[in-house]
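Peer 1: Protein chains in written order, with this note's numbering: chain P, 1 to 820; chain Y, 1001 to 1684.
Among the hints, a few may not be true.
Residues of chain Y placed beyond 10 angstroms of chain P at every Cβ, according to the derived structure [unchecked claim]:
#1 Q1196
#2 E1591
#3 L1636
What follows is a list of derived Cβ distance ranges for each label pair [stated by the list, open to error]:
#4 P:I372 / Y:H1082: 52 to 62 angstroms
#5 Y:D1575 / P:S409: 52 to 62 angstroms
#6 P:I435 / Y:R1091: 35 to 45 angstroms
#7 P:T539 / Y:D1575: 56 to 66 angstroms
#8 P:S499 / Y:T1430: 25 to 35 angstroms
Source of the hints: derived by calculation from the structure; they are not laboratory data. All residues carry an ideal CB built from backbone N, CA and C; glycine is no exception.
Below are the chains, spelled out letter by letter.
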Amino acid sequence: MMSSSFNKFRVGISFVMMSIFYKSAVDSLSELSPQKYFSTLQPGKASLAYFCQADSPRTSIFLEELNEAVKPLQDYGISVAKVNCVKEETSRYCGKEKDLMKAYLFRGNILLREFPTDTLFDVNAIVAHVLFSLLFNEVKYITTLEDLQNIENALKGKANIAFSYVRAIGTPEHRAVMETAFVYGTTYKFVLTTETALLESIGTEDIENAHLYFFHCKQVLDLTEQCRRTLMEWPLTTLNIHRFIKTMEAPLVTEVAEDPQQVSTVHLQLGLPLVFIVSQQATYEADRRTAEWAAWRLLGKAGVLLLLRDSLEADIPQHANVVFRRAEEGVPVEFLVLHDVDLIISHVESNMHNEEIQEDEDEDMESPDMDIQDDEVAETVYRDRKRRLPLELTVELTEETFDETVVASDSIVLFYAGWQAVSMAFLQSYIDLAIKLKGTSTMLLTRVNCADWSDLCAKQNVTEFPVVKMYKEGKNPVSYTGMLGTEDLLKFIQLNRISCPVNITSVQEAEEYLSGELYKDLISYSSVSVLGLFSPNMTTAKEDFTEAGNYLKGCVITGIYSEEDVLILSNKYAATLPALLLARHKEGKIESIPLANSHAQDIVQIITNALLETFPEITVENLPIYLRLQKPLLILFSDGSINPQCKKAVLTLVKEKHLDSLTPCWLNLKNTPVGRGILQAYFNTLPPLPLLVVVSLHSGGQVFAFPSDQAITEQNLLLWLKKLEAGLESHITILPAGEWKPPLPAYDFLSMMDAAGSQQPTRRESECTKEMDAQENDKKHEDKSASRKEPIETLRIKHWNRSNWFKEGEKSFRHDNKEL
Amino acid sequence: MGLSAVARLWGPPGLLLTFALHPALCLRPVQTSAPRHRDYCVLGAGPAGLQMAYFLQRAGRDYAVFERAPRPGSFFTRYPRHRKLISINKRHTGKANAEFNLRHDWNSLLSHDPRLLFRHYSRAYFPDAGDMVRYLGDFADRLGLHVLYNTTIAHVTLDKDRQAWNGHYFILTDQMGHAHQCSVLLVATGLSVPNQVDFPGSEYVEGYESVSVDPEDFEGQNVLILGRGNSAFETAENILGVTNFIHMLSRSRVRLSWATHYVGDLRAINNGLLDTYQLKSLDGLLESDLTDLAVVKDREGKFHITLKFFLEEGNQSADAVTLPQDDNDNFAMRVAYDRVIRCLGWNFDFSIFNKSLRLSSGGELSKKYPLVKASYESKGSRGLFVLGTASHSVDYRRSAGGFIHGFRYTVRAVHRLLEQRHHGVAWPSTKHPISQLTSSIVRRVNEASGLYQMFGVLADVVLLKENAMAFEYLEEFPTQMLAQLETITGRKARHGLFVINMEYGRNFSGPDKDVFFYDRSVGHTEDAWQSNFLHPVIYYYRHLPTEQEVRFRPADWALPRPTAIHHIVEDFLTDWTAPVGHILPLRRFLENCLDTDLRSFYAESCFLFALTHQKLPPFCQQGYLRTQGLMGTESLRRHGVESGLLRDYATVGRRREDGGRGLLGGSQAPGPPVQALDSNKEEL
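From just these sequences and the hints, can you work out the full model?
Peer 2: Given below as C-alpha cells:
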C-alpha cells in the first residue's frame, strides 16, 4: 500500500516536469496556419513542415523529437514548422484523419518529399532523412557491388569516394554521414549502403557496426587499377568522420627540416601523433619510400613526416632513425631505432592503444577520486597521526580540574576537538610552543579536548575549534585572535607578561621604557613601544587610552604616564597633552601624536596604523594586515635581502608621496619561498630578480610588471608608475576572479534512492537525456557496489577500515605503475 | 490575604473609610476565592512535570507544579509491579563526554547538576523502581522546584479572556475547592487509567495493577494472561517457573523491540516466555481479538474461554454455556484456567478536563493518548501542552517520546517554543562562519543525545545566512513543525537550510523483519544511503518546506523531499569522525549544496591565493584574512609535500637552473589551477 502511494506521488512529480517540458517545446517550434506557412516559404530554402489537426493533442513524442531537430536543421538552413490545419483553411497536405498526418519537405514551394511520421522516429532520423532528401545528388544510395564498381570506375582520376555502410536509414550513424556529406559533398562523392552483402564483398567481416571507407580514386590514372581504400577505425560520429576526412586531405608525407618538437601539422591539431622518419642525403630515396609505405598504413592514425637530418640544427641521437611525437602537449618526443615499417606501425598502434586505455582508466578513477582527501590540513594531520606528540608538556584539563587550575595560575587554554583536523594541526604548533617555553614561562599551558568535555567548552563559550583563551586571575578571559602558529602565540604570551598599559611611575622610568631598556626582552615581540602622556586630571582620556591598551593586549607594548611632572616629557618630545609617544626601536626614533578628543577606538586605530611600516617585508604572517588598506600592492620580489638601491628608490618615492595610492612592500624569497609560486602564476617561468610588480588585488586583478630591462631607479620607477596610472602600460596577466567552487562532486544519494525506488522503468523517453544519463550513472554505481560488495560484506561487521586498506593498496599500486 | 487586609485597616486615617472598606475587603476572599494566577501550571510531578519545572525555573518563569501525591514520581512507587525498570542505566561508556553519555542513560532528567545523574542512584543496569522515586525526589528538592504536593486537581475548565496570552485562562480546581488560574497549562499526568476490555466475564479477570506479585500464589496453576506488552511479559516472567503453564492472548502478534527499534515493544529482558514457548514447553502465545471473548466460571471456580457469540445465543447458566471445543474439539484454549490476568496497559485520564478544552483522544493507533500537534500543543485549545508519556501520540511506535530518555528532550523543545512565544526569547542558536559548517555538524552528530534518542522526531537545523557565508545552528527542533520554524523559533530561514536527522534504514525495522540478515551493514561511503543502522542523514532545502510539503511528504520519509540528501554511512561504533569515511563525503555534500569550496588551508596556501586570485576560499577569508591563519608546523608541511597537496616552494625553479627542465615538478597546487592565468594572458 505504502509503496504504491509513494509511486503515485513520483508519477505526479514527473508528470508536472513533463508538462513543463512540453510547454517549452511548443514555444520554440513555430506554429502556423497553412496559409501563413506557405507565405513564409522562400525560393531555394528548404523547410520541413508537420501538418496536424488543430485539435490534436499538443503533445506527442514526435513533436518533442521534431522540436529537438529544430536547432540542428536550422544549422543547415532548414526551417521547421508545425502547421495547424484549421477547418476554415483546408490544405491538401492536411490529412483527413488524425493518424494520417505527415511531415513534408519543401524547397521553396516545391514539395521534395513526404514523410510518414513513423519514419521520423527520433531526432537523428529526422535530421538524417531531411539531409538525405536534400543531398540526393551528393549522396548516392547503392545496393549492389556492381553499383559501387561503376561509381569507382567513373571517378578514377577525378575524385575520391567516401563509402559508408550503416545498418539502417535514420540511425545516428546515418545522420553523422549525412551531416558530413553536407559539408564535404561537393569535394568527395558520398556513397551509402545498408546492404550487409555489399560490405562483406569488399572484405569486412564485422557487419554489426557502421563503417566508412575512403577510396583514393583521384590519383588512379590506370583504369584497371583499383582505388586504394582506407578504413576509418573510429565509431561513426560527425566529429570522427570530419577528423578522418581531414587526415585524408593532408599530404601523405611532409618533408621537414626543423626540430620535431616545433613541427605542427593538421594531425597534431586533430589529436593524432606524428612519426618522423629520419633521413639523410645518402639514403633519401629509400627513406622516402619507407615513409610513404608507412604513411599509407598509418593513414588516419598518425601523420608521417620525413625529417632531413643534414639540414637540421636540432640534436638528434646518432642511432635514432624514427622520432615519435605524441599529440599531447608537453610530452617529450621519443627517439627510436626501428628497422622495419611493421615495427613503426605497431609502435604507433600500441601507443594509441595505451592512450585509449589510459583514458578509460581515468574515467574509472573519477568516482573513487571523490574519496581521496583533497583537504591539505586534513590530509597532513592524518598522515601525521602515528607520531607521538609530547602532549605531557601541556596540562590536560577536565571538567573537574578546569576551574581550580585557571584560578590557581595564569593559564593559556587551548580548546580543540580531537577529530577536527584544523585544531589538531594547531595543537602541534601549541606543543612546539610548549617545548620552546619549557620551564621559562610563568604562564601555564593547558588544553581541553572538547570532544571529551563538551559541557565545559560550552560553558566557556567555545563552540568552534580551535580557540585559545588566556585566563589571568581576577580578570575576564581574553580570546587570542592572532595567527594560529607558534610565533604569534609566543608573542601574545610574552607581551601579556606585563599589564597593558603598564603604569610608568617616574620620568626616568619613562625614558627607559622609551629607549627599550625597561622591557628589553620584549622589544623583539613589539617593534614599537607606545606611551600615553596625560596630566593627572585627564580622567576620561586616561580611561580611553587604558581601554585601547587593553584591546591591543598581546600585540604591542603600551604604557601610561600621568604624574605631575609629565610636562618634562611633553616638552622634551614636543607633545601637547594628551599625547602618544611612539618609540620605534629599530629605527631609534620617537614620534609624538596628539590625542585630543580621541575615543578608545580612535586610539586603537592610531596605534595600529603606527605599527604599519612604510616599506615592509611582506610575509605570510603580515600580509592580511597590509591587505586591509585595500590598496594595490607594489611588490619588490627579491631573492635574499633587498638590494639597497632598490630600497632607496622606493623609500624616496614614498617620502615624496608618490606611492600614496599603493602599498609598497618587498618579498624575500628566502623567508617566503611561496613567493616563487606567485611569480610562477604571474610569469609562468621564474623571471630574473629583483623584480617589481603592481598587483591591483581589489580592483580588477591586473598584474603589471616593471620592465626587466630597466634599472629600478627613482626616475624609471616614477615614469613607469605615471604611465601605469595613465593606462599606458599593459598588464602581464589578470588574476582569475572565479569563485571557489566545490573541488569535486558529491554522491547524489537522492537520485540513487529514486532509482532504487522506481523499480519499473516507467519513465517515458520524453524525459531529457541528461536525466537519463544520470540514471545510467546511478546504475553503474549500483552495479559497481553490487560487484564490490561480495568480499567485504562477508565480514558481517561494519568494516570501513578494511575496505579502505584495499583502496590504499590499489592507490599505491597505481602510483608505482606511473613512476615506472 | 486576611492578614494583609487587617494590616491595611490600621493604616488609613478616619473611621468612616474603615467602615466602608471593611466589608468589601473581608468578604471577597471568603466568598469567591479569587483564583491565584500563574503563567505556567504543570500537572503532575512525574519525570516530565519535573523536567518542565526545571526549565521554567531556570528561565525564571512564574510557575507551579500540582502533584496529587506527597512526593514526586508516585507512579513509580507502585509500578512496575515487579519493580525492575527496563530503561538502561549505563554507567560506563568509556567516554567523558557528558552529552554523549546521555545517549546511553535512559533514566536521568536534564539538568546542569552532574550530581543529578541516575548513575549516582543505582548501580544496576536495569534499576529498581524505588531508585527512580528517590531520584525524582532529589531532583525536585535539590533544584528547589515549586511543587504543590498533596494537591489533586479535580477539574480543569477554560475561562475566556481577551487579556490572556492565548485568549483564555485555564482554571484548575483542586480538591479543596481552591481555583488556580493559568495562562499556559502543561499536562504531564502520564497514563494512569488501566486499559480494560469489556467482555462477558471480565469481572473474573485480575488486573496487572492489583494481581499478586508473589510467585507462591501461582504454584501449580494454569494461567492465562491477556496482553502482549512488557507488563504482560513481566508478569509472566515472574511466575514462569511455578505455574503449570502460561498462555498469553492478544490481538496482534508480538513485537520485539530489537526488531522494531522501538523501546515500547517487548524487550529482550522480559521475553523468557518466548524462549520456553518456542522450545516446546507448555507455555504458549495465541492471537485473537479480546472483544470477541467471554470468560465463564465453572463450579470449581475454574475459568473457561468461550466466545461472546455463544453467550448471546444460549442461556447464561455457567455449565450450560457452549464452548468452542464442543464444535471444534482441538480448540486451543479448551483447558480450564485457574487465573486470568489482564495486562493491557494504561490510558490517559481525560476525566478531569472540561469539554470546553476539547482535549480528545488520538487516532486509531493511539486511542490512549490525547490528540496533540507535533509541537505537543493540544489541537483543541491553544496554550495547553501535553508532556511526557501522555504526549507519545506524536511518535508512538517510532521513537522514544513516551519514555524519559525521549521526552526529556521534547519537554525542552516545548519550553523553547514557549520562551519565544510568550517572552520573545528566540530559540537558542549559535552563529558561525561557513568554514565551521562541517565541524558543527560532525560535532553534533557524534555527541548530541537528543538527536540520537528522538531520532526522526527532533532534528538539528542549520539556517544559512545571505550568500551562505555564515549560518545559525539550532538544536533539536521538532521536524514535523518545520514549516512553522520561523514563528516557533523567531529565527529567519530565508537562504536555505540543512536539517540533521538520525534514521534507521527504510526497510530495516519492523516486527516481522529479520534484523540479523547477512548483508545488513554498509561499509562503503557511496552506499551510505543503504545504511540500516541508526545513522545521520542531512537534508538540504533551498527554501523552508511548506506545511503542505511536510504533511504530504512521501511515505516512509521523515521529512519532505529535499533538494539534496546525504547519508553518513552507518558506523559500528557510532563514531562518525573518520576523516575519509565520514567527514570528507559530508564536506563534499555541503560544498555542492552551497556551491563553494569548504576545504581548510594552511596560511601559506591562503597567502598564495591572496596574491594570485581575486577571491579567496571561505576558510582563508574567514581565517587567514582576519589574521587567524593556520601556520602549521615543519612536520605537517613535509607530509603535505609528500601527499602532493602542498608544494615545496624552496625547490621551485631550482631544477631549471640545473638542467633546464620544466618548472612544475609534477605536483599540483590545490585550488583553481594556475592555467587560468595563462588563458587570460592569451586573450590579451
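Peer 1: If I claimed the Cβ atoms of I435 of chain P and R1091 of chain Y lie 35 to 45 angstroms apart, would that claim hold in this structure?
Peer 2: holds (39 angstroms)
Peer 1: Within 25 to 35 angstroms: is that where the Cβ-Cβ distance between S499 of chain P and T1430 of chain Y falls?
Peer 2: The hint (25 to 35 angstroms, Cβ to Cβ) holds, given that S499 of chain P and T1430 of chain Y are roughly 32 angstroms apart.
Peer 1: Between I372 of chain P and H1082 of chain Y, does the beta-carbon spacing fit 52 to 62 angstroms?
Peer 2: holds (57 angstroms)
Peer 1: Going by Cβ atoms, does Q1196 of chain Y stay more than 10 angstroms from chain P at every point?
Peer 2: holds (32 angstroms)
Peer 1: Holds or violated: 56 to 66 angstroms for the Cβ distance of T539 of chain P and D1575 of chain Y?
Peer 2: This hint holds: roughly 58 angstroms between Cβ atoms.
Peer 1: Go ahead and decide if the range 52 to 62 angstroms is satisfied by the Cβ distance of D1575 of chain Y to S409 of chain P.
Peer 2: At 35 angstroms between Cβs, range violated.
Peer 1: Just double-check E1591 of chain Y for me: nearest Cβ-Cβ distance to chain P has to come out over 10 angstroms.
Peer 2: Nearest chain P Cβ is 4 angstroms from E1591 of chain Y, so the label is violated.
Peer 1: Hey, does L1636 of chain Y actually stay past 10 angstroms from chain P on C-beta?
Peer 2: Violated, because the least Cβ-Cβ distance between L1636 of chain Y and chain P comes to about 4 angstroms, which does not exceed 10 angstroms.
Comparing the model with each numbered hint stated earlier shows that hints 2, 3, 5 do not hold.
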